[in-house]
Amino acid sequence: MFRFIVSRLLQAIPVLLVVITATFFLVRAAPGGPFSAEKTVAPEVIKALEAQYKLDQPVWQQYLSYLNDLAHGDFGPSFRYPGRSVDELIAGGLPITAELAFYAMLVAIIIGVSAGVLAALKPNTPQDYVPMSAAMIGICMPSFLMGPLLVLIFGIWLEWLPVSGWGDLPGDKILPAITLGSGYAAFLARLSRGGMLEVMSQDYIRTARAKGLPEWVVVLKHGLRGGLIPVIAFLGPAFAGLLSGSFVVETIFQIPGLGRFYVQAAFNRDYTMILGTTVFFATLIVLFNLLSDIIAVWINPKLRHQLREGK
Amino acid sequence: MSDPVLAEGAIKKSVPQTEKGTSLWQDAWLRLRKNTFALLGLGVIVFFCIIALLTPYIAPYGYEQQNLMLGAVPPSAEHWLGTDIFGRDMLTRIMYGSRVSLMVGFIATGVALIIGVLWGTIAGYAGGRVDAVMMRLVDILYALPFMIFIVLLMVVFGRNILLLFLAIGAVEWLTMARIVRGQVLSLRRQEFIEAAVSLGLSRWTIIRRHLIPNTLGPVIVYTTLTIPSVMLLEAFLSFLGLGIQPPQSSWGLLISYGVETMEEYPWLLLFPGLALSITLFALNFLGDGLRDALDPRASRN
Amino acid sequence: MPLLEVDNLTTHFHTREGVVKAVDGISFCVNRGETLAIVGESGSGKSVACYSLLKLIPQPPGIIAGSALFEGNDLLQADDKTLQKIRGNDIAIIFQDPMTCLNPYLTVGEQLIEPLIYHRNISRKDATYRAIEILGEVGIVEPEKRVGSYPHEFSGGMRQRVMIAMALITEPKLLICDEPTTALDVTIQAQILELVKVLQRKRNIAVIFISHDLAVVAGIADNVAVMKDGLIVEQGPVDDIFYHTQHDYTKKLLASIPEGAKPPPNSPLPANTSITENKPLLSISHLKTHFHDYSSGWLKRNQKVIKAVDDVSLNIKQGEILGLVGESGSGKSTLGRSILQLVPVTSGSVVFDGTDLTNLSPARMKPMRRRMQMIFQDPYASLNPRMTVFDTLAEPLLYHGLATRKNVTEQVLALMDDVGLAHAAIRKYPHEFSGGQRQRIAVGRAISTKPELVIADEPVSALDVTIQAQILDLILELVEKHNLTMLFISHDLSVVRYIADRIAVMHHGKLVETGSTESLFAAPQHEYTKRLLSAIPVADPARERKRQVELTQLGVDN
Chain A
746 MFRFIVSRLL QAIPVLLVVI TATFFLVRAA PGGPFSAEKT VAPEVIKALE AQYKLDQPVW
806 QQYLSYLNDL AHGDFGPSFR YPGRSVDELI AGGLPITAEL AFYAMLVAII IGVSAGVLAA
866 LKPNTPQDYV PMSAAMIGIC MPSFLMGPLL VLIFGIWLEW LPVSGWGDLP GDKILPAITL
926 GSGYAAFLAR LSRGGMLEVM SQDYIRTARA KGLPEWVVVL KHGLRGGLIP VIAFLGPAFA
986 GLLSGSFVVE TIFQIPGLGR FYVQAAFNRD YTMILGTTVF FATLIVLFNL LSDIIAVWIN
1046 PKLRHQLREG K
Chain B
10 MSDPVLAEGA IKKSVPQTEK GTSLWQDAWL RLRKNTFALL GLGVIVFFCI IALLTPYIAP
70 YGYEQQNLML GAVPPSAEHW LGTDIFGRDM LTRIMYGSRV SLMVGFIATG VALIIGVLWG
130 TIAGYAGGRV DAVMMRLVDI LYALPFMIFI VLLMVVFGRN ILLLFLAIGA VEWLTMARIV
190 RGQVLSLRRQ EFIEAAVSLG LSRWTIIRRH LIPNTLGPVI VYTTLTIPSV MLLEAFLSFL
250 GLGIQPPQSS WGLLISYGVE TMEEYPWLLL FPGLALSITL FALNFLGDGL RDALDPRASR
310 N
Chain C
18 MPLLEVDNLT THFHTREGVV KAVDGISFCV NRGETLAIVG ESGSGKSVAC YSLLKLIPQP
78 PGIIAGSALF EGNDLLQADD KTLQKIRGND IAIIFQDPMT CLNPYLTVGE QLIEPLIYHR
138 NISRKDATYR AIEILGEVGI VEPEKRVGSY PHEFSGGMRQ RVMIAMALIT EPKLLICDEP
198 TTALDVTIQA QILELVKVLQ RKRNIAVIFI SHDLAVVAGI ADNVAVMKDG LIVEQGPVDD
258 IFYHTQHDYT KKLLASIPEG AKPPPNSPLP ANTSITENKP LLSISHLKTH FHDYSSGWLK
318 RNQKVIKAVD DVSLNIKQGE ILGLVGESGS GKSTLGRSIL QLVPVTSGSV VFDGTDLTNL
378 SPARMKPMRR RMQMIFQDPY ASLNPRMTVF DTLAEPLLYH GLATRKNVTE QVLALMDDVG
438 LAHAAIRKYP HEFSGGQRQR IAVGRAISTK PELVIADEPV SALDVTIQAQ ILDLILELVE
498 KHNLTMLFIS HDLSVVRYIA DRIAVMHHGK LVETGSTESL FAAPQHEYTK RLLSAIPVAD
558 PARERKRQVE LTQLGVDN
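Chains as they are written, first to last, in our numbering: chain A, 746 to 1056; chain B, 10 to 310; chain C, 18 to 575.
Keep in mind that the hints were calculated from the coordinates and are not lab data.
There may be inaccurate statements among the hints.
Claimed, not checked - Lysine to any residue pairs mimicking SDA-like chemistry, simulated, CA-CA at most 25 Å apart:
| no. | chain 1 | residue 1 | chain 2 | residue 2 |
| --- | --- | --- | --- | --- |
| 1 | C | Lys98 | A | Ile1044 |
| 2 | C | Lys383 | B | Pro222 |
| 3 | C | Lys102 | A | Leu969 |
| 4 | A | Lys1047 | C | Ala200 |
| 5 | B | Lys43 | C | Tyr146 |
| 6 | C | Lys98 | A | Leu969 |
| 7 | C | Lys190 | A | Pro907 |
| 8 | C | Lys190 | A | Pro959 |
| 9 | A | Lys966 | C | Arg147 |
| 10 | A | Lys966 | C | Phe171 |
| 11 | B | Lys43 | C | Thr32 |
| 12 | A | Lys867 | C | Pro121 |
| 13 | C | Lys102 | C | Lys38 |
| 14 | C | Lys38 | A | Arg951 |
Work out the full structure: start from the sequences and follow the hints.
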């Protein structure tokens, strides 16, 4: 298991290198520098600025020095926010985005999985139709539509919950977390329903029943593990989706998280900020994929076995 | 060289009383026809597509036709879905928006379909080491934060609609390749493919007559389900202001305008939102229905 | 009073096609220490009947009616809670496929102790102790270690032992065995049957043994009930059923069991004598087919190599039927596929009518392919589900230029006549046929190219016994009519004995013995052949009883 984790971590390095390289050169190839928007600035000033940010050096030299900085945990200075480093901005935004993503994931897993399992236990009954119709709505109602509608209903018309901010007012975290999590809750509900239906029709479930086990033991002990395999396989992509979803949700609710920084950086052509956040996101996503792989191996003895045999 | 095995027509005259067989396609169609939601979905899609095609001829107003005196008004007899703050007719704008949204959905899915099917078929059919290498590449690409890349691409190269097709297609093909490869792999192990080989049929004949017709089902289902997710992606980007650029319009863009003024003029958010959601509903229902209809396991129960 | 007394049990399902009367009013009873065998073909309702007793039917049925008195209480009237207490406690079940019936995510020990924990309130520690004990009893070596293993770490036979241990751990009064050996090799089957019998005697429990195979049942049953279409057509003591058969269907079942050697050919030609002198049509020498296992990683140097076929040399003479026998994993199917170059051969040669096939270009292979055809095991997988009978049969005819577009229909109809399919079915698709009819289509496709050599890979093992007999006779008839040479691959020695002139036995990729059918059966030379032959159950209760005594004395059951 340990060797598996290490080998997967090693495999992640080339992936990250590709991401960094591609992003770096993509950004450099873009027409229009970060300072071109400000037309009033004198050419000498731009020159000085470019020298300050090492933009006058050959591209490959910039690339190498950037890699070197990265290796030391330095994402470089921000072009748009003079005097502040990308590290600082990420450090400021990360806890907020992480918290948001965590709550959203919680919403998604708890609501999604329990709805899916309940539906699978009594297929083609109201217990199946109701949660699955709700899931369909969740899938067809994207976050950028769901968010404003929730704001409109609970924030503006009913005035139950605050409509923006993060941690400023009581309850202001509820709407963003639901907005971000609901789509994934819907996906997870469908996945866990499918997985559970598949598993509950397996022969070994019949064996468990034939042993006279109570139905809840049959479902929770014998059914759930196998039924959740598709859910776990989806956790990696779901996390990536949550991160990009945070772009929208943080914009709608004016939350000062990483996602909002990223969108702003993209508009402002803030090279180092784009690079920094992209690299950071990529690392997170790669790590999370690894985590979901490890969970998948951990709950599946067959995979564990193969791993031991393979080494 | 023309293939001699195309004599299906010959039989119709020479054999008198035959019992008519029901092919799996006919079987699936019969099942689909019983699924009200899926049929409704199909109807909605066809209807929206026709409207989108005919928009320039049937739109009640001009696309950029403003009426600043009017401003934003709620739905009325002249403007069925109301007008925006510049007094532009919402129905017209949604109709024009549908052209972009649907086009992105279909074309980007088409890109994904072509790359994915080719990649998956080759990997699955070649098998062994080629397959291992090709699929490892897909795994690596899967690990990349593509959404972020698309945002980046749109920023760097400007909001170019062609680029959007390619970028979205480039993300979506991965899953398609996996599905097709899985299908081909399991089919290859089926004995009827071995039987075809032992009959001496050429590789191309086997692929065309035995492999492709049997992979079609899952591919159709997945294609139907990819279209809504692509449309969602486009709307997402447009919402952030990174997708379609004005004066062009798409549902995502209309929604983002609607959000800005939703407190005062909720219909500006409501109607484009409805249009998008209904389309997504329709496509998802159709996809689900097709899956139920084409899944051989469903037919056995 | 019998332990279980079932009266007029009826199970009907509501389906889209209407009401299916799976079980239509059957009555039987079982006493302590007795074995009742319920025998029938697929779809006869034998399993449904037993599952109905414990409400283990997958989908909610329309009706379960009648009564089933177990120790005086009606199981069919019992509520879910009462049933739960009876299941696994008083009545235990062993299922058919040990590969799918154990939960792959839990250790064997965990699954074994569950009945004890939930029925007897025994502590985990004591239950585990008991689990180790019973694992040892059913013949698992080092049970204290194996108790922590997962099901995939056991072989099929071992898993079935685990299933038996799991069923018996609570000392039930009634054991239902649903085809417990059908998924197993014949030598393993003999061991499992013996094990069930020993354990039954020791505990004096009642057994209901469900099987499609009268021969399996002959040695172990006290009473036999024969089921067909949801009804018991005949039941009684085992000797009566076998020796004083009343019902036509039972007679038909008994007659379908392939027994004895191949009947002499009907034609007066000196075929039988000439075969032995004929030159070999196919000669294989030092053939090796090895597979690389890429699953463990595609760049590793020391990949696992599976030697499926390992240095096999064999001749098949013109006009002969060579039976190739072996258990699962022996490499017999791979050998068949290697001959046809359907899998890449590692080394050695396959000479067909003077041409070595192992390194022919695809272009030169094509005309050879026409001359050699294959019949596959699974008639559900071997036909393209999207092609009609006409498409399937016309494809090879047109492709090899054996028919023109004008006369192809005629030829297809002639083929359908040959294999006994009605003309009217020509435009139907495979899923509209039964298993036997599908296999007829597959046979038709194999002979469509007018081949000289046909390789039949377990062509009847997926079929019911009565259908099996029909297909075997069809194959024999066609071999004679078209003067075919055949390699007949099977795990079933009785079938091979019935059809083959000569038999080759394969074990672990190697050929261990070859000989004429008569001599091989009369005087097997190799140790493995002997074991294989002694394991075949015979549809004769007296002989089976005698044989089992001998087996036990010999200590064949390890």
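Structure-based check of all given hints:
1. C:Lys98 with A:Ile1044: Violated. C:Lys98 to A:Ile1044 sits at ~31 Å, over the 25 Å cutoff.
2. C:Lys383 with B:Pro222: Judged against 25 Å, a Cα distance of about 24 Å means the pair holds.
3. C:Lys102 with A:Leu969: 23 Å, holds
4. A:Lys1047 with C:Ala200: 21 Å, holds
5. B:Lys43 with C:Tyr146: Violated - the C-alpha atoms of C:Tyr146 and B:Lys43 are around 56 Å apart, more than 25 Å.
6. C:Lys98 with A:Leu969: This hinted pair holds, its Cα atoms lying about 22 Å apart.
7. C:Lys190 with A:Pro907: 66 Å, violated
8. C:Lys190 with A:Pro959: 21 Å, holds
9. A:Lys966 with C:Arg147: 21 Å, holds
10. A:Lys966 with C:Phe171: 22 Å, holds
11. B:Lys43 with C:Thr32: 16 Å, holds
12. A:Lys867 with C:Pro121: Within the cut-off at roughly 24 Å; holds.
13. C:Lys102 with C:Lys38: The given pair, whose Cα atoms are some 29 Å apart, is violated under the 25 Å limit.
14. C:Lys38 with A:Arg951: Holds. C:Lys38 to A:Arg951 sits at ~22 Å (cutoff 25 Å).
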